[in-house]
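Construct all of the structure, not just a fragment, from the sequences and the given hints.
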Amino acid sequence: MSGTVCFTSCTLAYLSRARVLAATVRAAHPDWAMHVLLVDALPDDADLAGFDAVTLADTLAISRFRAWMFKHDLVEACTAVKGAMLARLLAAGAERVVYLDPDIAVFHPLAALDGACADASIVLTPHQIDANTTSRAVQDNEMASLRYGIYNLGFVAVRNDDAGRAFADWWSLATQTACYDDTGNGIFTDQRYCDLVPTLFDNVRILRDPGYNVASWNLSRRDLAVTAAGDITANGALLRFYHFTKIGSVGDVMIERYARDNMPAYELLAWYKRQIAAHRTEALDGQPWCYGAFDDGTPVPRGVRLLWRERADLYAAHDDPFATGAGSLHAWLTRERPDLLEE
Amino acid sequence: MIDASPPPDPTAAARNRAGAEGQASAPLDPPFFAEPPIAEAPTGADPALALVARYLDPAFYLGGFPTDTPPPADPAAHFHAVGWKDGRDPAPWFDTTHYLAANADIRRAGVDPFVHYLRAGRAEWRAPRRPGGSRRAALDAAQAAADLAPPALPRLDSAGLAATLTAACAGRPGLEVVVADRIWPAQRDEVTRRIAAEEDAAAAAGRVHLRLTPLPGADGTLVLHLDGRAVAVAADTGFLAAIAALPPPEALPRRLVLHGLADHRPALLADIAWTLAPETATFWLHDHASLCRGRTLLRNDVAYCAAPPAASMACRICVHGADRLAYLADVETLFAVADLTVKAGAQAALDAWRAAAPGLRHRGAEVALPPTAALQPRPARPGPASIAFLGMPTVDAGWPCFADLVRRSRGSGLYEFLHIAAPDQLRPAARLRCVPLHDGAAPLASVLAAEDIDLVVLPAAWPDPCTDLARAAHDAGAGIVTLAVNAPAASLINETGHGVALDDEARLIAFFRDGDAADYAARQRTTPRPGCAARQGTVASPPLGLTVSVRGRVVPGTPEGDRVLFPLPEDAGDIRIVSSSRYLSGDEHRRLGLAIAGIWLDGAPVPPGDPRRRRGWHGAPAGAPVQWTSGDATLEAGGARLLALALA
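Chains as they are written, first to last, in the numbering used here: chain A, 515 to 857; chain B, 17 to 664.
No wet-lab data here; the hints were simulated from the structure.
If you're wondering where the values come from, they're calculated on a predicted model, not measured in any experiment.
Any given hint could be a false lead.
[Unchecked claim] Label-pair restraints from in silico Cβ distances: (1) A:Asp799 - B:Ala153: 19 to 29 Å; (2) A:Ala739 - B:Ala338: 51 to 61 Å; (3) B:Pro374 - A:Ala792: 25 to 35 Å; (4) A:Val767 - B:Pro585: 49 to 59 Å; (5) A:Lys787 - B:Arg379: 39 to 49 Å; (6) A:Thr647 - B:Thr83: 40 to 50 Å; (7) A:Asp799 - B:Ala186: 50 to 60 Å.
Just so it is clear, CB atoms sit at the ideal spot from N, CA and C, and this is done for glycine as well.
Right, dumping it as structure tokens:
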């Protein structure tokens with residue numbers, strides 16, 4: 515493996531988004547290899563033609579994978595495996611690895627990676643690069659950045675050098691240790707850890723180009739436009755990629771809240787929804803996440819996952835907490851903590 | 017209502033007003049124009065009602081009621097009790113229906129949404145109306161091509177088609193094949209008229225007139241109209257085979273006229289042109305389908321794109337741009353094969369097309385311009401200015417902008433709005449008078465003259481090569497109000513000196529909102545060539561930014577030094593001084609119109625605090641020279657014959 519490898523991490527439910535990402539990455543960077551890390555079971559008839567390679571999360575170097583996976587809900591799981599995948603790709607010889615969230619679409623080539631950041635070992639994009647000027651926007655954005663992380667880990671680019679590999683190993687370790695939505699304890703999945711990256715590693719580059727990682731959380735300070743030449747810009751810079759976070763639900767509301775009358779933002783949103791529809795596989799619509807339920811199909815309540823994180827004795831006793839039947843965690847819960855199963 | 021708080025810095029308002037007068041650098045219409053800064057919540061027996069009363073626009077609200085029913089005596093109380101439940105809007109900037117639709121929690125709570133917004137929603141950044149305005153609806157509806165049910169016509173294969181065409185051509189001296197787009201005939205008056213004329217000419221000469229229109233969504237399917245009558249549906253490939261079976265061109269001379277490419281397959285049209293071997297081939301520039309499948313060049317049906325490179329990102333995100341590279345290659349082939357003569361209705365349209373399509377080879381080009389009539393002064397008349405929208409109420413034609421204009425102008429009393437179109441195209445709405453144009457009725461210009469139209473609004477946000485509506489407006493003596501991007505219409509304004517072209521929809525709305533349109537309409541009645549041809553949102557004779565009216569009639573003003581003079585009719589009595597108004601940022605919570613530095617009636621000053629400054633004047637500290645209006649102020653002029661105003 516050589517050159518640049520781009521990967522994303524998702525479940526089957528987000529495969530349509532990942533396909534859109536892959537198509538846009540391929541259009542902007544035809545020389546990049548596009549991988550998908552699937553945190554789910556792979557159906558026999560899954561169409562993965564848009565990807566150069568598919569990796570199943572349970573093949574990563576994570577000890578007692580099913581027991582470990584049981585600690586996480588869907589978002590936590592999809593982020594917790596990114597570090598291990600990054601380390602694997604670097605170990606396999608990729609010269610550079612770019613991670614992009616599945617709900618991102620690339621519009622113009624990520625030229626900074628071969629320009630201003632060409633010699634950087636680790637490239638991060640902050641949620642915000644401009645200070646907000648109203649109290650409400652500070653609450654929504656600056657305070658959110660302090661809670662959820664300064665950098666948005668929907669994107670990270672890592673070069674295969676000492677610092678890059680050290681970061682990958684550290685991030686993999688950290689996320690395998692605790693990759694939870696637990697802001698009360700200063701953790702938010704894989705993201706809060708990366709607040710430490712500029713102080714822990716050498717050769718880190720913070721990319722403050724307004725064309726990178728445009729999303730509802732920074733739309734209050736980024737103005738999208740389409741030029742006469744047909745380029746899409748953010749604050750006058752070429753729009754490199756847009757992060758369509760939580761589209762179809764709260765993401766739409768946030769775009770309206772911050773884009774206001776900036777029509778190109780709505781054009782992008784409409785385009786993205788059309789793309790998702792075009793890349794959808796009907797058979798996968800409503801497909802349950804394979805790590806979302808016990809073997810008998812009963813959903814795993816969040817309370818059970820929290821208990822599992824805390825109870826080292828249970829963790830040690832059960833290799834496969836998804837199993838049901840005699841001697842299983844499920845049997846123990848039914849007997850000892852039926853209240854948790856009833857959530 | 018007199019407000020006792022001190023006036024704000026007049027220089028700030030002067031800067032604000034400068035923006036309203038069209039300086040390109042000043043944001044004229046911020047996203048939530050006139051949305052008020054919220055002061056502390058009123059107190060009293062019913063604070064919520066007091067809050068509604070403070071921010072509800074009574075004239076706008078009452079304008080939403082039918083004229084034949086008595087309006088509510090207390091607009092605020094009516095809105096607070098039932099109006100919001102009926103979906104009524106309390107002010108132009110607040111959309112009750114959207115607020116409830118977008119905020120399920122408020123809907124579930126069953127509370128007055130306006131009160132919620134004023135108390136909490138604004139602080140929570142909830143939008144008081146759907147961001148993006150009318151263009152959002154257009155974007156929602158944008159699609160590459162709508163599927164249409166095929167008409168109830170026989171479907172012919174190539175053999176059946178060949179038999180039909182051969183029979184139709186037997187004994188006839190020639191064949192005229194006309195390619196038109198799917199929207200003919202209802203939508204494009206200029207196209208309709210030209211095709212009808214061609215049909216008449218062909219019939220007079222005995223030639224067969226065969227018109228081909230596409231079925232959108234049914235790729236390559238054509239509807240065939242023979243001598244003006246729809247006769248069959250066929251595949252375009254079948255048609256190609258059928259014309260190959262016709263007598264040779266020497267025995268049956270052919271002509272080819274392309275009136276529209278939209279929804280056709282240009283590559284197949286190239287094959288048809290080649291097989292037809294016409295003695296003449298004409299391409300009419302009615303739209304931009306030779307540059308893009310999106311015939312208006314409105315990206316996603318919302319923003320004019322000026323035909324960027326086909327591989328550009330703009331095309332990739334556009335509903336019309338997916339296969340534009342291949343489409344343009346096919347169009348290029350069509351032009352190369354058909355040896356077309358290009359005809360346009362306006363020089364500006366032809367110039368723009370040549371600039372955007374340098375690669376399209378053609379035999380020649382010509383402009384077919386109907387002459388414009390000389391204008392005559394029209395007598396001044398009292399009452400509001402009459403403002404018309406003509407034809408199909410489509411997004412292409414800018415109907416959403418006009419509908420927004422009608423809605424926002426509700427209650428101003430300065431305008432009467434009309435929609436003049438074929439009966440099935442009329443879109444009735446509150447405060448909009450519909451005038452049906454029946455088949456065989458008088459020419460459009462005559463109808464406009466009969467209705468005594470002051471201004472025709474042509475808010476197409478793209479350069480529409482068809483200028484028939486603009487010409488009809490001109491011939492009727494009506495001013496044209498259009499967007500600068502609509503270069504053919506703007507060019508006609510430059511040519512005739514009769515109309516206004518504004519930078520964008522926000523400025524067009526502001527032109528009416530600020531009363532400039534009423535002022536312009538009044539002046540152009542008595543001076544039909546007032547030299548107001550405009551570009552880039554400015555007018556040669558700049559609008560004053562205020563309107564003075566006496567008994568509903570606008571009084572033209574003349575700047576003289578630092579004052580503006582208004583000759584008043586006899587016994588003027590109460591006069592209105594109307595201007596744009598807005599809420600400034602910060603703690604200022606009053607609607608501010610004009611900062612007036614001085615008023616003189618027949619040369620005698622009327623200072624701040626003078627009881628003749630009756631309504632719509634904000635309080636001013638004792639001795640202060642400047643007093644603000646609320647945007648609609650009343651002055652008791654008595655029998656004075658000359659009003660002089662000085663703006664701060």
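Hints and how they fare:
About 28 Å separates the C-beta atoms of A:Asp799 and B:Ala153, a value consistent with the hinted range of 19 to 29 Å. Separation of A:Ala739 from B:Ala338 is about 22 Å and departs from the stated range, judged on CB atoms against 51 to 61 Å. Checked against the hint of 25 to 35 Å, the C-beta distance between B:Pro374 and A:Ala792 comes to roughly 33 Å, which is consistent with it. The supplied range of 49 to 59 Å is met by A:Val767 and B:Pro585, whose beta-carbon atoms lie about 54 Å from each other.
The beta-carbon spacing between A:Lys787 and B:Arg379, approximately 45 Å, falls within the hinted interval of 39 to 49 Å. Restraint check, A:Thr647 to B:Thr83: a C-beta distance of roughly 46 Å satisfies the suggested window 40 to 50 Å. Roughly 58 Å separates the CB atoms of A:Asp799 and B:Ala186, a value that falls within the hinted 50 to 60 Å.
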